[in-house]
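Student: Spelled out from the first residue to the last, the chains are:
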Amino acid sequence: MFDPFFAWLESTAFSLWMVESPSLFAFPGILAMHTIGLGLLAGLNAALDLRLLGVARNIPPVAFVRLLPVMWLGLWINVLSGLALVIAYPTKALTNPVFYLKLGLIAVALGILRALLGTIRSRVDVESRTRMLAAVSLMVWAAAITAGRLLAYTCTRLTVEFACS
Amino acid sequence: MIEWQVQLEAFLASFTNVAAFMQLHWSWPAAESAHFIGLTLLLGSIGAWDLRLLGLIGNVPAASFHRLVPFAVIGFGINAATGSLFLVTFPNQYIYNSAFHLKVLCLILAGLNVAFFYLVVFRRIRTLPPGQPLPILARVSGGVSLVLWLTVIVCGRMITFFRPALCRGEEALQFVADCIVR
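Taken in order, these protein sequences are the chains called A and B. Counting from 1, position 96 in the first sequence corresponds to residue 95 in numbering that gives the first Met the number 0; the numbering is continuous, with no gaps. Counting from 1, position 57 in the second sequence corresponds to residue 56 in numbering that gives the first Met the number 0; the numbering is continuous, with no gaps.
Same shape as in the complex, but just chain B (with noise of 0.2 Å):
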């Protein structure tokens, strides 16, 4: 454990209404349902784009897919929120937790990606007549973004069997029925 960790968890852990609202019967399946339906709409509204990017719809105008991007900030407002609500209640669960790290650095990186995407990328396509091919970058940008999009995903779901001090593997069937089924 690193100092900083400690403070962060110390911070996060201030947080005592938020996680005794979030211990309340139905808060957290309610949330976790949210953080799912939110991943949909991002995953959904910005893997269209990427797909175009990478040429699987090669007659539509590619910045016309530019128009679903509020839905994605949407599914990533959802998710940011959701995410927090968790973070608060259990941060010890998450801040010395592997999948939670790599899921936070592809979280980093996919927000490169985006920024890179609209400072370069973008204006390059946006006066782009259907039918031209895309500049090489655009197709990287839309294939990053998918595979980071996608690893963190993963990552996620995985947050549970990494749990520290929970859930490591050989225990009993019932203990495993705790962390697995969750």
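Bound-form chain A, shown alone (with noise of 0.2 Å):
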């Protein structure tokens, strides 16, 4: 039902250069950045994600607010490399289910995340529910990048004219 839209997409000179540059900043240049970004982004807030769970009780939970700019940085990598990536096999990306099955996974997680960043910046003490979000702040991450590794295997038509093999 989409492949006019696909087609178009995959005609489109940004979508050309990066399935067909081979300069290393076209395709895996921008596939690097957005491991990048993952690693920023899920990577500082598992770190706030085992803090909150009680690990390195010494840092105050309201320090992590000033890693906030960084983890931001990586959110914005991602968002950018990431369409990126879809521009370049959007048919690749767009039939697969486990592609939405990431997004709501990314989607839940910085909602958990916001949640938790309302509890430090009210400085209030951690509570059990707190330290829950947080053990599935973990899990959801640990999801959302499986899910993502997965789609190099999940997906079923790699352009409009040609089957993932």
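Derived by calculation from the structure, the hints in this document are not laboratory data.
Distance ranges between label pairs, derived from CB positions:
#1 A:G117 to B:G57: 18 to 28 Å
#2 A:R56 to B:R123: 19 to 29 Å
#3 A:W16 to B:F89: 28 to 38 Å
#4 B:L111 to A:A6: 48 to 58 Å
#5 A:G103 to B:R122: 44 to 54 Å
#6 B:A114 to A:A12: 46 to 56 Å
#7 B:Q22 to A:D2: 30 to 40 Å
#8 A:R130 to B:G57: 22 to 32 Å
#9 A:S10 to B:Q22: 35 to 45 Å
Idealized CB from N, CA, C, for every residue including glycine.
Reassemble the complex: the two chains are provided individually, in unrelated frames, and hints are given to aid placement.
Tutor: Have a look at this one:
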């Protein structure tokens, strides 16, 4: 149904550059940036979760607010690099249910982060509800990363024309 | 190809049981997912401390981030284990791969930086009262750590594109599909 749209995206100059350019700054570089962004956002979020779960108790949770700019940097790197990767292979991503599962998991993880930040900023003591949210956050990020990695193995169509091998 | 590379390849290729297991349907994707979760744990725990050493979270005692290090070690352990699985499954894809060479070099340098940090820097910052500026060596060590681990990640992601005798530019689309998408 969306094939004409996918075919049009795949014929745009940017998509062709991503797919065909031999430059390391095209597909390989943008893919590498996507992993850097993941490491910064999910990694620092994991450090925050661990703190809320009781590790490194002498770091006040509010200190992690200072790391937020780095986490948002990671998020924006991944929004932009992710868009570029979808424009490179729109059929591959958008016809794969696992892709939507990954987006959903990221949305949940970001929602939990928002809730945790609210608790941290109000400087109330870490209660069991917060600890549970932190544990769920770790699991949801791990699931999102796994879903992302499995995209390469669960796709059925690579482009409008070619199937995934 | 150098003699010792050929010998190393032969040694790694001798783990045929592991290689057979890794070529079962979901072994490779599962190990890859674990490798990415491991890198996240490692970069998150070490990166938070590096950013503290660089001065981003000024008022927290720098040594308190030490408690996150066991989780970086867990992340590293997951990745050393899963990385070894990849290596013994397709040794020639790594041993003659420039991206992998640079990754190993950065891993060694990162290891030396950890040794330097614990032998020289950590003792000095451990007793430092909060608010006191960190010694320059602490900042340098934190910055070097961050740069090295990020380079390790980039090199790891680049391994696919430097596979010997596979995935060189200009090939037909279906072939690029095999190489690039994975």
